[in-house]
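Given next are the chains, with one letter for each unit.
Number of protein chains: 4
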Amino acid sequence: MISFESDYIAGAHPKVLEALIRTNLESLSGYGSDVYCAFAREKIKKACGCKGAQVHFLVGGTQTNQVIVSSMLKSFEGVVAAETGHVSAHEAGAIEYTGHKVLTIPQKEGKIAAKDLQTYVEGFYGDANHEHMVFPGMVYISHPTEYGTLYSKEELEDIRQVCDKFELPLFLDGARLGYGLMSSRTDVKLEDIARICDVFYIGGTKVGALCGEAVVFTHNNTPAHFLTRIKQHGALLAKGRLLGVQFDTLFTDNLYFEISAHAIRMAERLKELLKTKGYEFYLESPTNQQFVLMKDEQLEKFRGKVAYSFWEKPDAAHTVIRLATSWSTTEEDLAELEKIL
Amino acid sequence: MISFESDYIAGAHPKVLEALIRTNLESLSGYGSDVYCAFAREKIKKACGCKGAQVHFLVGGTQTNQVIVSSMLKSFEGVVAAETGHVSAHEAGAIEYTGHKVLTIPQKEGKIAAKDLQTYVEGFYGDANHEHMVFPGMVYISHPTEYGTLYSKEELEDIRQVCDKFELPLFLDGARLGYGLMSSRTDVKLEDIARICDVFYIGGTKVGALCGEAVVFTHNNTPAHFLTRIKQHGALLAKGRLLGVQFDTLFTDNLYFEISAHAIRMAERLKELLKTKGYEFYLESPTNQQFVLMKDEQLEKFRGKVAYSFWEKPDAAHTVIRLATSWSTTEEDLAELEKIL
Amino acid sequence: MISFESDYIAGAHPKVLEALIRTNLESLSGYGSDVYCAFAREKIKKACGCKGAQVHFLVGGTQTNQVIVSSMLKSFEGVVAAETGHVSAHEAGAIEYTGHKVLTIPQKEGKIAAKDLQTYVEGFYGDANHEHMVFPGMVYISHPTEYGTLYSKEELEDIRQVCDKFELPLFLDGARLGYGLMSSRTDVKLEDIARICDVFYIGGTKVGALCGEAVVFTHNNTPAHFLTRIKQHGALLAKGRLLGVQFDTLFTDNLYFEISAHAIRMAERLKELLKTKGYEFYLESPTNQQFVLMKDEQLEKFRGKVAYSFWEKPDAAHTVIRLATSWSTTEEDLAELEKIL
Amino acid sequence: MISFESDYIAGAHPKVLEALIRTNLESLSGYGSDVYCAFAREKIKKACGCKGAQVHFLVGGTQTNQVIVSSMLKSFEGVVAAETGHVSAHEAGAIEYTGHKVLTIPQKEGKIAAKDLQTYVEGFYGDANHEHMVFPGMVYISHPTEYGTLYSKEELEDIRQVCDKFELPLFLDGARLGYGLMSSRTDVKLEDIARICDVFYIGGTKVGALCGEAVVFTHNNTPAHFLTRIKQHGALLAKGRLLGVQFDTLFTDNLYFEISAHAIRMAERLKELLKTKGYEFYLESPTNQQFVLMKDEQLEKFRGKVAYSFWEKPDAAHTVIRLATSWSTTEEDLAELEKIL
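Chains as they are written, first to last, in this note's numbering: chain C, 7 to 347; chain Y, 7 to 347; chain P, 7 to 347; chain V, 7 to 347.
These are computed hints drawn from the structure, not numbers from a lab. Among the hints, a few may not be true.
You can't tell identical chains apart in this list, so a pair holds if it fits in one copy or across any two.
[Said to hold, decoys possible] Lysine to aspartate or glutamate pairs mimicking EDC-like chemistry, simulated, CA-CA at most 16 Å apart:
#, residue 1, residue 2
1, 277, 290
2, 21, 274
3, 80, 48
4, 277, 264
5, 319, 306
6, 114, 128
7, 114, 344
8, 171, 264
9, 52, 160
10, 80, 173
11, 319, 133
12, 319, 303
Okay, chain C solo, but in the shape it has when bound (with noise of 0.2 Å):
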């Protein structure tokens, strides 16, 4: 069986593993404080183009939401995002576990808009109660979104203004930032990234990474005492040179690009097979996750076959799923689709 499942089906990148190997009988300090991370975080700083840059390493994508949000706002405040954004809906309740508000806006295609954002913000301040009412503290995008879909740079820059206006840190979730950073269809790179956010990460557990996420702080903004935020979460890792290791090895010759736009090229022949066979789309995603509106017969040939994600059913006769591909998809895992399509 073939799997597109999600972008999390398999282990390392080889490279990575083999600098986990190299590295494995050296003494390293612990919590962060190792060569490696060190290494990586110039590394990341330079692609990012942002000398002033702080990177700091965790290990999964829920867990860097939580730190990063509880530890910017403050206790009145809440974090802005769109309804479907992964910090509204599907991180368990994460974000209200530190005690802040999710404030929820309108979106089209897991995509906010600079416009609903300041009518929010406006709203806000424009009500007499509003002292009795959470604050809008930050804002949350996630490039790219739950949909795949992506920010132009515009689109991001028109977001900003409105933060400046109201002086709102803007914070990108970027789970799977090289997947958005390498799409065909992007004007967005890392450097827009760096310059436009107050605080980003850099997604590793499904670019490449057996888990990790680097963090990327633009301005000189860490929150004061990061790493002691980072215990107090159960967030700090023993060995930091599981996270340091892998991210040197991603950020040494483009690695992360390179294996980031391998995922795109596989994702373009899929859809492009897809069509083909007359597969209808539930949306255009211009990255390595697919929304394909299945017919019921269309699913039946997947059975014990394909792997898929399950993603919705929009009527009795249809079936949303999700196909993803990453770092770790094959030509033999195109050629055999094709075979069962």
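Position chains Y, P and V relative to chain C; hints supplied.
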């Protein structure tokens, strides 16, 4: 420079790494639902001699303490622990962050006594104002303790009796459990712990894994929707295989016990070596952590040659340091140390 | 200037104040253990027609919502409420502060519908990823709602059926309950509420008391150690008598109902007066809060003469205002308003 | 039966009640924005000799401690307090419920010493692992303490110096402040407290009010959006007038100080009476709470005649009880007690 700085200075045991390599490209489902997690669960249950046990995998020690304690306590309850317990002193307030007080009782060399526990709980219920106080809701012990010491089976049974009397679950932090079980001076086996405790964990991070702790609920008492609670804490690993493969390997062919026994042998030789050379010990530890009371001229010899952990400065002329062995300590390390001494 | 600004502009009903004076120098024990709290409990249980009810007194509405919701939910659960529900919109995140998400569903004039609730809960359990989401753990409704509207008995029964189906406790916020029960257009009695809900509260602050809300658990379902939980929220009043004496008085000789009925009569005359004068209503409210859609020239007449609450500005030429009557509204107030109009 | 059970056995001082009656039907705006709150704020600022002070009103002591501590601490900080401090021992974990640890230091008769505070904070910063620990973020003292004892001006200044050295805000819990200020054995005036502390509160509940504590921030250091934070804690009173009117009265014509002085006179006579009769004291308290070490035959005399608080049982033949006077204690109470003794 040789290092006895901690038991997490190296990567993973080579066999663990080999297993990660061997399984790396298999397509596996996420969040702990893969076959390696299943294999590991079965092997751990067998090793515990506890068929009804429920095994869950988490990433690190503080995280595991936080998730277990906050999932088992009611909101008005706190966890009873030694003043020196890791949950009390060295987790940056991770327990309090989830809304619960750590209720401290006296300790001796890191251990609590059944009678002090009983005095505390009786005192609580005897206080006319106890409804205005935090209720004791569970008991936390570490084994080995933060000072490398061990409970005897009798001491554990006595604590259990007090727990039974007051219906308090007993939780054992086994971040270094292997080194406790393989001590030459213990009568406590893994089966005893599984029988005596309501929940405990088998540390991987410090005993051969890159990361990971195996939580064991011993009598069908996993908190409801535990996966959701783990997610809510930001503690759910997408690639659960990373934990499953490691623990599957550690519990195959007694690896976990063998590498722990190796560390103990190294610790005993380290201790003998130091004693022979006239070094004084801060306390008598039967496990892999040794606390040495160093004169300043003795410490001088280590400079640039032996990495250690500073523990405390009892007076101007002395320093307590910790030297730790682990699965990764070698004969060469000891030979080198002998030369330096 | 006359005031219809809110239903908490005056102090306490004179009879309530008299009772405070009469009992002022009696030596009474604290924290709700005094005889007046006991008397009040019995009278409320009788008024509810619910012998097994358990009655507790708290100080204010947001506090009561926070204490009840956080005491009844498990940590991985949220409370389902209307988007406009007080717990969702106007409590500064008091629910989230205790770690729980407010799960919002659509509303109409402040009310939720049983079928929308059912759709939501079914959708939750139908979602393949629901273990990564916040579980619905209880249902919150307000009666009267934030828009002064009322549920019919049938609507409440329908919501109850959905709650039964999914084993969700039903919680009714009765901050203005008296004004709902005494509406001329309701078929819902206090006994119905006690029968249909798992927990609700009878608002004192807005219905004749200086402060105070009487919480009623209807079937022996007070959370364990509720006094300790109240204390933990900072919500336990030392002089519990202040609440006991007030509610004892309000539930003696039907005072609570009589003064509520007075406010309703005043509201009906206010409504008629405004309609006669050609004023348009934003929505049809059968209780003491009236929402009027004012042209700006109409609003001009009120300046400096009538105190009201600004609600919202639907367009440039109109303003929605709220006029509230209460037990303290007088014939003179209405006569004065008529002159101004 | 006469009662010395606590200092909150009676309602409000008659003048306070009269003011509530007099203002009862005035239409006033809510949430502390009324004129009586404004009057009270001015009078308190004047009494404190601190023009720049900011005064806020809350309902009860535990609530006030919780709101102040959680609003002033950063998430990774805890509050330093005596082991016997109210925030540590008798608030059902209200501080921990907001995510913060109470960091306890030794005490003597309820008081902490500047040198112990210094030792603690120096020890914290001297610990190599302090980034893995809870940072001390503020200092809490109570005056009078939970044992009725008082700090001298010099002791307070010494604590202040340590606070200055480590930039720790100093918070004084004045739940019984009046009884401390009017003691015949104190050199500490309200102006001293306002000068030495960063924030403190003037207790109303135990000194003449039905409820209410007046929080004073002494140098423009009210946490941002404090009203929103209060609301978020469920601590915002709709009818803020209830607090404003009471404190306005208590700070008119020195009422607060006069009634406190009365309680002190009663306490001194109580103490003398007991000493004359050969009763032994558990400790020497210069305020309104007296702790008496009773032989069991002595206690027998009280049965059914004198209400007191049970404190503890130091041995089988003795009991420590607390007898409290207050503004409401009368000459008759003492005469009656004398008869019983």
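Hints versus structure:
no.	hint	verdict
1	277 with 290	within (10 Å within a copy, 53 Å between copies)
2	21 with 274	neither (25 Å within a copy, 39 Å between copies)
3	80 with 48	neither (30 Å within a copy, 30 Å between copies)
4	277 with 264	neither (20 Å within a copy, 51 Å between copies)
5	319 with 306	within (15 Å within a copy, 54 Å between copies)
6	114 with 128	neither (20 Å within a copy, 24 Å between copies)
7	114 with 344	neither (32 Å within a copy, 50 Å between copies)
8	171 with 264	neither (37 Å within a copy, 52 Å between copies)
9	52 with 160	neither (24 Å within a copy, 56 Å between copies)
10	80 with 173	within (14 Å within a copy, 21 Å between copies)
11	319 with 133	between (39 Å within a copy, 10 Å between copies)
12	319 with 303	within (14 Å within a copy, 52 Å between copies)
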